[in-house]
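For this one, chain A is given, so just place chain B on it according to the hints.
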Amino acid sequence: MLKRSLIAVATATLALGICTTANAGSRLDAVKARGQLVCGVNTGLAGFALADSTGKWTGIDVDLCRAIAASMFGDAEKVRYVPLNTQQRFTALQTGEVDILSRNTTWTLTRDTQQGLNFAATLYYDGQGFMVAKKLGVKSAKELDGAAVCVQPGTTTELNLADYFRANNMKFKPVVIENLQEVNAAFFAGRCDVLTTDASGLAAILTKDAPNKGADHVILPELISKEPLGPAVAQGDEQWIDIVRWTIFALLEAEEYGISSTNVEQLAKDTTNPNIARILGKTPGMGKAIGLPEDWVVRAVKAVGNYGQMWDRHIKPLGLPRGLNNLWNKGGLMYAPPIR
Amino acid sequence: MTVVSEPKGASPPRRRSFYDKDVQAIVWQAVFLCVVVAIGWFLYRNTMQNLAARNIKTGFDFLGSEAGFEIGETLIAYSPAANYTRALAVGFLNTLQVAIIGIVLATLLGIAVGIGSLSKNWLVAKLTAGYIHFLRNIPVLLQIVLWYTILISERFLPGPRQAEAFLGIFATQRGVYFPVPQAHAGWTAALVGFLLAAVALTLMSRWNAQRREDTGTARSLFLPGVALLMGVPFLAWALNGAPTAIDWPTLRGFNLSGGARITPEFAAVLFGLTVYTSAFIGEIVRSGIMAVPKGQTEAARALGLKPSVILRKVILPQAMRVIVPPLTSQYLNLTKNSSLSVAVGYPDLVNVANTTINQTGQAIEGVTIIMIVYLVTSLATSAFMNWYNERIALVER
Numbered sequence: 001m002l003k004r005s006l007i008a009v010a011t012a013t014l015a016l017g018i019c020t021t022a023n024a025g026s027r028l029d030a031v032k033a034r035g036q037l038v039c040g041v042n043t044g045l046a047g048f049a050l051a052d053s054t055g056k057w058t059g060i061d062v063d064l065c066r067a068i069a070a071s072m073f074g075d076a077e078k079v080r081y082v083p084l085n086t087q088q089r090f091t092a093l094q095t096g097e098v099d100i101l102s103r104n105t106t107w108t109l110t111r112d113t114q115q116g117l118n119f120a121a122t123l124y125y126d127g128q129g130f131m132v133a134k135k136l137g138v139k140s141a142k143e144l145d146g147a148a149v150c151v152q153p154g155t156t157t158e159l160n161l162a163d164y165f166r167a168n169n170m171k172f173k174p175v176v177i178e179n180l181q182e183v184n185a186a187f188f189a190g191r192c193d194v195l196t197t198d199a200s201g202l203a204a205i206l207t208k209d210a211p212n213k214g215a216d217h218v219i220l221p222e223l224i225s226k227e228p229l230g231p232a233v234a235q236g237d238e239q240w241i242d243i244v245r246w247t248i249f250a251l252l253e254a255e256e257y258g259i260s261s262t263n264v265e266q267l268a269k270d271t272t273n274p275n276i277a278r279i280l281g282k283t284p285g286m287g288k289a290i291g292l293p294e295d296w297v298v299r300a301v302k303a304v305g306n307y308g309q310m311w312d313r314h315i316k317p318l319g320l321p322r323g324l325n326n327l328w329n330k331g332g333l334m335y336a337p338p339i340r
Numbered sequence: 341m342t343v344v345s346e347p348k349g350a351s352p353p354r355r356r357s358f359y360d361k362d363v364q365a366i367v368w369q370a371v372f373l374c375v376v377v378a379i380g381w382f383l384y385r386n387t388m389q390n391l392a393a394r395n396i397k398t399g400f401d402f403l404g405s406e407a408g409f410e411i412g413e414t415l416i417a418y419s420p421a422a423n424y425t426r427a428l429a430v431g432f433l434n435t436l437q438v439a440i441i442g443i444v445l446a447t448l449l450g451i452a453v454g455i456g457s458l459s460k461n462w463l464v465a466k467l468t469a470g471y472i473h474f475l476r477n478i479p480v481l482l483q484i485v486l487w488y489t490i491l492i493s494e495r496f497l498p499g500p501r502q503a504e505a506f507l508g509i510f511a512t513q514r515g516v517y518f519p520v521p522q523a524h525a526g527w528t529a530a531l532v533g534f535l536l537a538a539v540a541l542t543l544m545s546r547w548n549a550q551r552r553e554d555t556g557t558a559r560s561l562f563l564p565g566v567a568l569l570m571g572v573p574f575l576a577w578a579l580n581g582a583p584t585a586i587d588w589p590t591l592r593g594f595n596l597s598g599g600a601r602i603t604p605e606f607a608a609v610l611f612g613l614t615v616y617t618s619a620f621i622g623e624i625v626r627s628g629i630m631a632v633p634k635g636q637t638e639a640a641r642a643l644g645l646k647p648s649v650i651l652r653k654v655i656l657p658q659a660m661r662v663i664v665p666p667l668t669s670q671y672l673n674l675t676k677n678s679s680l681s682v683a684v685g686y687p688d689l690v691n692v693a694n695t696t697i698n699q700t701g702q703a704i705e706g707v708t709i710i711m712i713v714y715l716v717t718s719l720a721t722s723a724f725m726n727w728y729n730e731r732i733a734l735v736e737r
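Protein chains in written order, with our numbering: chain A, 1 to 340; chain B, 341 to 737.
Each hint should be verified, as a subset may be incorrect.
Among chain A residues calculated to face chain B with C-beta under 7 angstroms, some are [unchecked claim]:
1. 114
2. 147
3. 176
4. 177
5. 326
6. 330
7. 331
8. 332
Please keep in mind that the hints were generated in silico from the structure rather than gathered at the bench. We put the CB at the ideal spot given by N, CA and C, even for glycine.
Chain A with its partners taken away, still in its complex shape (with noise of 0.2 angstroms):
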């Protein structure tokens, strides 16, 4: 009797932990069977996540996925891009559709709570603006009242958009568009005297859609939220959004280091800095803990750099100044926790 009580309590527990085990590591698992990732990425927002006409996608956002990639697979080709818009991009998480969803999101606390989301740091630190012609002559976003306001539904914007001009009591009337070409095509056509959403995005409009390359059109000095933009996963797996987070970190700790995509193969053969050589797996120990091998973050600064060279290869051309996206120690608000 008491023997087979045992063996039932046995194998419960057992069936259990089989069960926890399975199920935190089957994002993972499921990964690397399939052999590639699939990456919830913008439909085309120059210095985030856009295709070339060769298939080819490009920027920060499209950079975490190739770095995730690489750590996993020793190869950044590995990743399968879905671009999805405003209003698709939850559903397909919450679906499991796309591991990752890496698409320049406002991190807020009902998505992170109720929406089944859960965000695994900030990638970037934007706020939201206004673009405007110049020949309307407004020098400041207090002198919006009463303008047409082009914007994306679904997003934070729509919110702060209606935010602001109640809190300043003022009137807009908005034009709600789904997709981005389409509403940028309506602001160019002067159907609005106003373009809202975040900063980086409207330096990327303002770089690559615009008219006259740009030259008629100004944003607004004001920034009227916050909006940390980060990538994505959903709940109820805790190794794989550690590794998604811990894979931002690396690659900032990796630009605090001096590590970079030149000179990362070196340092990982022969630095004699304890904390390089943890990072870069020369001292065991931090792939194992993560799941992933040793020499993940190597593989993953030799395919994208570091944060510093993302930065510099896809929002420097945009014009936009590092500002809030600087290291903590110059200035900045990225601050990656140790690796140890």
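Chain B only, in chain A's frame:
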């Protein structure tokens, strides 16, 4: 279930066996119902369990919380401080607005096109045939986007600051602004008066028709009709203070304000739906008219009726019996196609519901609301059209 009646007094009542046709029918239907309910229950439970496992909020309590987003055009009072229910109601009313106006315009245009395509005039017949074949073969989404591109383009219409008024009307790339009477009790009274006059006129014409049946003579109702429809509202207006103040659209800041406005989003959706559907209605009208036997026309002509009277009194009433059922489908199509508004940002039900889904993350609830609203609207439309169809159906004696 059909019950086959047996010849009376043929055999004594027997016990129903399991192999009886009626018993089997009931058993199979019960089994089928159970299976459907079981599948439904399984899907519901599975969804709920998975949503809970993924920590996604469920339920409809979001409907009471503040929406927080602005909507471009509203028929009822709305502000971002209103709740989601109100936002969805705004979207639904916008859907109804574009669908009802679209149905009326598409019907008128479709009848004209349908009659035109049967014209003996070669040019008219070919032009209308070309209209039908060209427009009904281009996807309606493309037509809506094309209209929108034209309506907001600076090449065709000026910006609000450059626009010149014509009779107080501004046609700009931000929409058409036109003057309207300033809100006043006198205008409300005039509207009520007009409606009452219309009801009175309907009753009079019925009475007149009955008189013609009974006595063979009838009075023309044209002059009394005009007097009623013009006089009653005028009197109501004059007795309630005779307001003359007009709300003129004027340039204030960035945009024109005052007056009434038709936005390019609304116009693009309306034009696209109207023109596309009218091509189908034209074909339906043509087929309906051609279904009326030629002998009817010949008989009417032999009685000495004028061609216009033949069309109105002989052909169209008979053609309607063929036209109405497929016309109902077109009305339903037009209403459902109005969800393509999303492409140009007209804030219809789907547009508002999409935003709601995205802000709350409750896709299943949002889609359920969309489905129920469209289902109810469509069923109401077809119920009305079926009633109308029965009314005009051939009464066989």
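Do the hints match the structure? See the list:
1. 114: holds (4 angstroms)
2. 147: holds (5 angstroms)
3. 176: Given a least distance of 5 angstroms, the restraint on residue 176/A holds.
4. 177: With Cβ-Cβ at 4 angstroms, under 7 angstroms, it holds.
5. 326: violated (32 angstroms)
6. 330: violated (36 angstroms)
7. 331: violated (34 angstroms)
8. 332: violated (30 angstroms)
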